[in-house]
Amino acid sequence: MDRVDKLLELVRLNVDSDIDTVMIWNYENSSSANTFYLSGFKGSCSVLILRDDGRYIVTDSRYFEQAQEESAFQLVKHTGEKLTDSVASLLKDLSAEVIGFEAEKLDCKTYNELTEKLDVKFLPVDRMLWLMRSVKSEDEIEAIREASRVAEQSFLDTLGVLKEDVSELDICAELEYRIKKRGGQVGFETLIGTGPRTSLPHAKPTSRQAKRGELILFDFGAKVRGYCCDITRMVSVGEVEEEIKECYALVKKSLLQAIAEGKAGMVARQVDSVARQVILESKYAEFCFSYGLGHGIGLEVHEIPRMGPKFEEPLPANSVVTVEPGIYMPGKFGIRIENDVVVRDGGFETITNLDDDLIQI
11 MDRVDKLLEL
21 VRLNVDSDID
31 TVMIWNYENS
41 SSANTFYLSG
51 FKGSCSVLIL
61 RDDGRYIVTD
71 SRYFEQAQEE
81 SAFQLVKHTG
91 EKLTDSVASL
101 LKDLSAEVIG
111 FEAEKLDCKT
121 YNELTEKLDV
131 KFLPVDRMLW
141 LMRSVKSEDE
151 IEAIREASRV
161 AEQSFLDTLG
171 VLKEDVSELD
181 ICAELEYRIK
191 KRGGQVGFET
201 LIGTGPRTSL
211 PHAKPTSRQA
221 KRGELILFDF
231 GAKVRGYCCD
241 ITRMVSVGEV
251 EEEIKECYAL
261 VKKSLLQAIA
271 EGKAGMVARQ
281 VDSVARQVIL
291 ESKYAEFCFS
301 YGLGHGIGLE
311 VHEIPRMGPK
321 FEEPLPANSV
331 VTVEPGIYMP
341 GKFGIRIEND
351 VVVRDGGFET
361 ITNLDDDLIQ
371 I
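In terms of this note's numbering, the sequence shown has 83 at position 73, counting the first letter as 1, and numbering is strictly consecutive.
Hints are computed from structural coordinates only; laboratory data are not their basis.
The structure presented is a predicted model; accordingly, all values stated were derived computationally and were not measured.
A portion of the hints provided could be inaccurate.
What the hints assert, rightly or not - With beta-carbon atoms standing in for the labels, derived distance ranges:
| id | residue 1 | residue 2 | range |
| --- | --- | --- | --- |
| 1 | D63 | V145 | 22 to 28 Å |
| 2 | D28 | A259 | 55 to 61 Å |
| 3 | G248 | G356 | 40 to 46 Å |
| 4 | K52 | E126 | 42 to 48 Å |
| 5 | P319 | D26 | 28 to 34 Å |
| 6 | E322 | V145 | 15 to 21 Å |
| 7 | A259 | V145 | 50 to 56 Å |
| 8 | P324 | Y121 | 39 to 45 Å |
| 9 | L169 | S71 | 43 to 49 Å |
| 10 | V145 | K173 | 18 to 24 Å |
| 11 | G275 | K342 | 36 to 42 Å |
| 12 | D367 | G90 | 36 to 42 Å |
| 13 | E359 | H312 | 16 to 22 Å |
| 14 | A82 | S54 | 17 to 23 Å |
To be verified - The calculated DSS-like cross-link candidates involving lysine-lysine, where the alpha carbons are at most 27 Å apart (straight line), are:
| id | residue 1 | residue 2 |
| --- | --- | --- |
| 15 | K16 | K115 |
| 16 | K221 | K273 |
| 17 | K127 | K115 |
Idealized CB from N, CA, C, for every residue including glycine.
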């Protein structure tokens, strides 16, 4: 059973048994993760029509050749003005009646145009796609490992040219250049913070320069074969104060405790609690991370499952998640360490190979 067959089976079992078609809409310059996952096509501006009796990809002339090279799906050439016209015509020819679609992705304009042209029933199937993608094959896991190796070595290469007074923007440019030089793509928007800006969980790089005695936060990832890794490491410029060392040791303990106790079938909230309690039981409780402990990764950097205080679902075996506890003192410093792990029946299997100690330059 291939991925399309599995998706059709899932939506009929869990959404509506009468679904005869699933439609995957890929807008210009939008995430093509589901399109690639199901068809192999890496371009944008396309629509997949998935049925028991056929798999179709509708796209325009910019992608005719690429679609035929990357996908075994039957190409339907869109040559008119509106993509909705070509899609509606195909759905009429196929006598589609009940269509599963991505409600989170299809915009109102497109939806309204389709409902005006078609007398069909549309049902959201987003969750089924997320659930499918959350459980990785061994080949997908290996792709994430490959991405991690590229990101890790690029990070180590970047450390070799780091020095006092280098700007966050320069650090970011250096790291992303090295990821590309090693054959990867930048997995997501790289986050670099220095000094007091490390207390920002999502510190976008600025012209601020790293000073002696300060921390540098790196949150970065590479993408290889379409799959992302997600890593955070802390670097100090020379020696740092004892409070920073104490907090770092606490965050590392939180990370390792969660990795040691987590396993498939464990409720996501419980894994979060294991890590969170380490910090909450310390004198730094008020600075404990306020976000969820981690999230799934794969074709996109944020997928399910998610680990946080409100997530009651058990972690599925062979999902890949981040573990990223932190301590954040506004205006002073922040510390986060993030590893990627495979969720196995016997426990978490760490993908990230970088040393998780504080790195001093």
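Against the structure, the hints come out as follows:
At roughly 27 Å, the beta carbons of D63 and V145 sit within the given window of 22 to 28 Å. A hinted range of 55 to 61 Å for the beta carbons of D28 and A259 is consistent with their spacing of about 57 Å. Here the CB-CB span from G248 to G356 is close to 41 Å, well matched to the stated 40 to 46 Å. For the hinted restraint 42 to 48 Å between K52 and E126, the CB-CB distance of approximately 31 Å leaves it violated.
Checked against the hint of 28 to 34 Å, the pair P319 and D26 passes, with Cβ atoms roughly 33 Å apart. Judged by the Cβ atoms, the range 15 to 21 Å given for E322 and V145 holds: they are separated by roughly 18 Å. The hinted range of 50 to 56 Å is not satisfied by A259 and V145, whose Cβ atoms lie roughly 35 Å apart. Look at P324 against Y121: about 34 Å separates their beta carbons, and that is not inside 39 to 45 Å.
Between L169 and S71 the CB atoms are about 46 Å apart, so this pair conforms to the stated range of 43 to 49 Å. A hinted range of 18 to 24 Å for the beta carbons of V145 and K173 is inconsistent with their spacing of about 44 Å. Between G275 and K342 the beta carbon distance is about 39 Å. The supplied range of 36 to 42 Å therefore holds. With their beta carbons about 60 Å apart, D367 and G90 fall outside the hinted range of 36 to 42 Å.
Between E359 and H312 the Cβ separation comes to about 21 Å, which falls inside the hinted range of 16 to 22 Å. The hinted window of 17 to 23 Å between A82 and S54 holds, with their beta carbons roughly 19 Å apart. Taken as a hint, the K16 and K115 pair is honoured in the structure, with Cα atoms around 21 Å apart against an allowance of 27 Å. At most 27 Å may separate the alpha-carbon atoms for a hinted pair to count; K221 and K273 exceed this at roughly 40 Å.
Between K127 and K115 the alpha-carbon distance is near 20 Å, which keeps this suggested pair within the 27 Å criterion.
Going through the hint list in order, the structure does not satisfy hints 4, 7, 8, 10, 12 and 16.
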